[in-house]
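Each chain, written out:
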Amino acid sequence: MTVSAITLPMLMGDFWGVLLSYVFLYPVMMSCLWMIGGIAFYFIEERHPHRIVNQPPEREDYPLVAILVPCFNEEANAHETIDALMCLRYPNSEVIAINDGSRDRTGEILDALTGEYPKLRVIHNVKNQGKAVGLNTAALLTHAEILVGIDGDARLDPWCLHWLVRHFDAPEVGAVTGNPRVRTRSTLLGRIQVGEFSSIVGLIKRAQRSIGLIFTVSGVIAAFRRSALFEAGFWSPDKLTEDVDITWKLQLAGWEVRFEPRALCWILMPETLKGLWNQRLRWSTGGAQVIFDYWSEIWHRPRMWPVFVEYSMSILWAFCMSLLIFYRIADLVIYKINLQSAPVLMLGWTGLLIGTICMIQMMLSLWLDRPYDQGLLKNYFWMIWYPVIYWLLSATTAVAALPAALMRTSGKRATWISPDRGISPGKKI
Amino acid sequence: MRRPREQQPLIIERPDLAHPLRRATALLFTLLAWAGWVALWLPVIGSLTAHFGLVLPWINYPGLLSLNSLSQLLDVFPLAIGSVLLVLAINGLISRILRRFNKPQAHGFVGMDRLAAGMALDPDKLTTWQAARILHVEHGPKGRVINARTVSKATPERQSTSHS
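Chains as they are written, first to last, in our numbering: chain D, 1 to 429; chain B, 1 to 164.
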C-alpha cells in the first residue's frame, strides 16, 4: 500500500464519521443554544422595564460611581474619551484616568484636563504596569463602592451608568458587563465586526446569562462591586485578558455576573487583518490561560461546568476543524487525488444548513440590538462573510493560542500595545 | 468659557478613506459570496421542483438532488433544539430551587481599614491619596502600590508637590 493510498478515514475508521459529525453538529448546536438563550433572555430580562436607552428607571439614591480609565499611549483618544465621560447623566460619579507610563503626551493631556473638569482625577504610574495593575491602583484610590472600567479609547453612552448601577441593588451581584458597539465601520473588516459584536458578543452573553453564568465581561465596559473585587483578589497582573480572569474569579467566589444590553459603550476596533489577528490571538491565549490556571477550582464548582464545557467543546472543535482543513489542503495540493476528504469542505446540504443557521443567528442578533444601534440592519449585507471569517478566525486563533498559553511563564506581567483603531479622518490605513 | 473640542462622529463610516482597490475588492468578494450563497440554494429549489414533477435540467448537482439526505440532516434539529431546551429547563429549575433555599448572602462592605490592611498600606496615607486630584504612583515588583506622590492642582506654571 503506497503512502498516498492511506487515507485519514481508513486510519480512523468509525472515528472519522464521528469527527465529521462533530464538526458539523457543534456549530449547529451552539447556534441553536445561543438563539434560544438569547430569546429567553429577551423575554425574561431585557423587555423589563423597556428597551429605551435614554429613559432609565428613576432611582431613590445614586451611589458614588468611580469610572476607571486606564490609558497607555492614548494621546489621540484621551480628549474624546474624557469629554464623553463628562456628558454622563448620572449625578454622582468621579472619573479616574490612569496614565500607565505612557511614552506620548497622554499624561500631559490628562493633567491639563483636570483643570477643566473638577470630577477628573489622574493617576500617573511611574512605569508601565499593564491594565490590571492600573485598575487595581485606581480601585484602591477611590471611595466609591461601584467601579466602572472602560478603555482609554471608548465613548460611554450618557445613560450607561444608570443601567449598570441598578443591578447592584441585588446583593449577590459582583459585576455587570455592558454592551460594546463598534464605531469603526469603514471597511469590510470593520463592518463584519459590527455584526460579530451583536451576533457573538451580545447573543452569547444573553444566552450565557439565561443559564446564570458569563464566560467573560467585556473589558471595555464592565461595572464591579469593590467588596467583590476585594474578596476575589482584584485583577491579576499576569493575565493577558484581565476581563476573563476577573469574571471567573468573581463567579468562583460565588458572585453573580450579569449582562446589561442597554449600557452602551462605543468602541474603536481594528480594521486591518494584522491588528485583528493580534487582538484575537491575545483574547484566545488569555482565555486558555485563565482556564488552565483555575482548572482545579472549576472542577470543585459544578455550577461553573456549563461554561467550562462550552469553552472546552469550542477548543475541541477548533482542533478538529483545523485538522480537517489541513487534511483537505494536503489532499488537494500534495496528492491531487480524492482521498475522501470532500465532506470536509462542508458544501452541499451540510454547508447550506450551517450557513443558513448562521445567517438566521445574525439576523436575530441584529434585531435584538436594533434599538441600541440605529441603522444596524443595513450591515447585514456584509454579514455573508460572518460564517467563514468568524469560525475560521476562532479555529485558527484557538489552535495558535493553546501552546502559547501552555508555554507562557507563570507570573509574567501582562502588558500589550493596542492594535490599530480603524480608519478615521486623518488616519488612513 | 471653555470652547468645545471638535469630536469625531459617533459612528465612523468613511469608506472613502480606504484605498479604492480595497473598497472594490470588498464589494466584489461580498457580491460573489452572496452569489455563492444563492447557488447553494439551487439544489434545494431543483429538488423541490423535481419532487413535484418539474425537472430543471440546468440545475445539476450530483449527489445533492435527494431530499432524503436533506431530511436526514434536518433530523438533527429536533435533537439540538430539544437538548438546548432541556438544559435551559433543568438549569432554571435548579437555580429556582437553590434561590429558594439559599438566600443571597449580604457580603460585607470593605471599609478603609480593611482595604488598607489588605493592601499592606497605612490607612492615613491611603485616605490622603484618595483625596488627591493628581497622583504619581510607584509599584513593587508584583504590581502592588508601594508609594505615591500627590500633586496639588494649581496653575500649570506653579505646581507644588508633597510626599506622603
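Read the hints as simulated data drawn from the structure, not as lab findings.
One thing to keep in mind: the hints can contain errors.
[What the hints assert, rightly or not] Here are the computed lysine-lysine pairs in the DSS-like style, where the Cα-Cα straight-line distance is at most 25 Å:
1) D:K119 to B:K142
2) B:K125 to D:K119
3) B:K142 to B:K125
4) D:K412 to D:K127
5) B:K142 to D:K412
6) D:K127 to B:K142
Quick caveat: nothing in here was measured; it's all calculated off a predicted structure.
Broken hints, numbered, in rising order?
Hint 1 is the one this structure does not satisfy, whereas the remaining hints hold.
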